[in-house]
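**Student:** Chain by chain, the residues:
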Amino acid sequence: DTGVSQNPRHKITKRGQNVTFRCDPISEHNRLYWYRQTLGQGPEFLTYFQNEAQLEKSRLLSDRFSAERPKGSFSTLEIQRTEQGDSAMYLCASSPGTRVVNEQFFGPGTRLTVL
Amino acid sequence: GESVGLHLPTLSVQEGDNSIINCAYSNSASDYFIWYKQESGKGPQFIIDIRSNMDKRQGQRVTVLLNKTVKHLSLQIAATQPGDSAVYFCAENIRNDYKLSFGAGTTVTVRA
Numbered sequence: 001d002t003g004v005s006q007n008p009r010h011k012i013t014k015r016g017q018n019v020t021f022r023c024d025p026i027s028e029h030n031r032l033y034w035y036r037q038t039l040g041q042g043p044e045f046l047t048y049f050q051n052e053a054q055l056e057k058s059r060l061l062s063d064r065f066s067a068e069r070p071k072g073s074f075s076t077l078e079i080q081r082t083e084q085g086d087s088a089m090y091l092c093a094s095s096p097g098t099r100v101v102n103e104q105f106f107g108p109g110t111r112l113t114v115l
Numbered sequence: 116g117e118s119v120g121l122h123l124p125t126l127s128v129q130e131g132d133n134s135i136i137n138c139a140y141s142n143s144a145s146d147y148f149i150w151y152k153q154e155s156g157k158g159p160q161f162i163i164d165i166r167s168n169m170d171k172r173q174g175q176r177v178t179v180l181l182n183k184t185v186k187h188l189s190l191q192i193a194a195t196q197p198g199d200s201a202v203y204f205c206a207e208n209i210r211n212d213y214k215l216s217f218g219a220g221t222t223v224t225v226r227a
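Keeping their order, the protein sequence lines are chains G and R.
Taking the numbering used here, the leading residue of the first sequence gets 1, the next gets one more, and so forth.
Taking the numbering used here, the leading residue of the second sequence gets 116, the next gets one more, and so forth.
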């Protein structure tokens, strides 16, 4: 499968715990995005990388959230001291860096449930 | 608030009929639009895109229409099939920006 992959697919954690999600983009894509989606809503932008550089962060990304893409390939999203309001689907997307348009391909997502 | 939204949250369509899903946007700086399909438990799947210098684009069984005058976007699905049942999102991209802004989605249910 050459699409975007995300792990784990599901994560259940207790409030206050830390969690980390991983995203592997399509191999030739140098742009990588994280979005969050709550039930019944469209995805909301969290942050964006071009290669290893994090170029933009949403106001939604509080200090408890951190994202990295150390080698410009896979990315991790960590949430510290999780809260029940963090329960959502976390989606990763990637796009090629050479096209004028921004066709983004999404992974299957990681569904987080905070108890 | 959201700059992209859909007119109707749900759409029920008879199998074989054509479906039309509408989307309104408010940011005149948006120059690129995408329609995504999302099935339960899966990530959004790219359907078709259109740039602001076009008013129509066709794919396999799908057509996207863009009316910049009234800031309206629509997705037409021909001969709707049971596999088309899903939530459909329109997303916009502002020029020189990279993030997509999504509306709330329309749930399409295909009746046999």
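Bear in mind the hints are in silico, worked out from the structure with no lab data behind them.
Just to be clear, a hint being listed does not mean it is correct.
Claimed, not checked - The calculated BS3-like cross-link candidates involving lysine-lysine, where the alpha carbons are at most 30 angstroms apart (straight line), are:
| no. | chain 1 | residue 1 | chain 2 | residue 2 |
| --- | --- | --- | --- | --- |
| 1 | G | K57 | G | K11 |
| 2 | G | K11 | R | K157 |
| 3 | R | K186 | G | K71 |
| 4 | G | K57 | R | K186 |
What the hints assert, rightly or not - Selected chain G positions facing chain R (Cβ under 10 angstroms, derived; list incomplete):
| no. | residue |
| --- | --- |
| 5 | Q17 |
| 6 | D24 |
| 7 | E28 |
| 8 | F74 |
| 9 | V114 |
Model, not experiment: these values are computed from the prediction.
Beta carbons: idealized from backbone N, C-alpha and C, even for Gly.
**Student:** A separate judgement is required for each hint: does it hold in the structure or not?
**Tutor:** Each hint, compared with the structure:
1. This hinted pair checks out: K57/G and K11/G have alpha carbons roughly 23 angstroms apart, not beyond 30 angstroms.
2. At most 30 angstroms may separate the alpha-carbon atoms for a hinted pair to count; K11/G and K157/R meet this at roughly 15 angstroms.
3. Our distance criterion of 30 angstroms between C-alpha atoms is broken by K186/R and K71/G, whose separation comes to about 40 angstroms.
4. Under the criterion of a C-alpha separation no larger than 30 angstroms, the hint pairing K57/G with K186/R is consistent with the structure, at around 27 angstroms.
5. Checking Q17/G against chain R: minimum C-beta separation of about 24 angstroms lies over 10 angstroms; hint violated.
6. The interface hint given for D24/G is violated, since its Cβ lies 13 angstroms from the closest Cβ of chain R, which is over the 10 angstroms cut-off.
7. Violation of the interface hint for E28/G is found here, the shortest Cβ-Cβ separation to chain R being roughly 16 angstroms, above the 10 angstroms cut-off.
8. Taking 10 angstroms as the C-beta contact cut-off toward chain R, the hint placing F74/G at the interface is violated, the least distance being around 16 angstroms.
9. The closest approach between the C-beta of V114/G and any C-beta of chain R is roughly 19 angstroms, which is over the 10 angstroms cut-off, so the hint fails.
The structure is inconsistent with the numbered hints 3, 5, 6, 7, 8, 9, although it conforms to all the rest.
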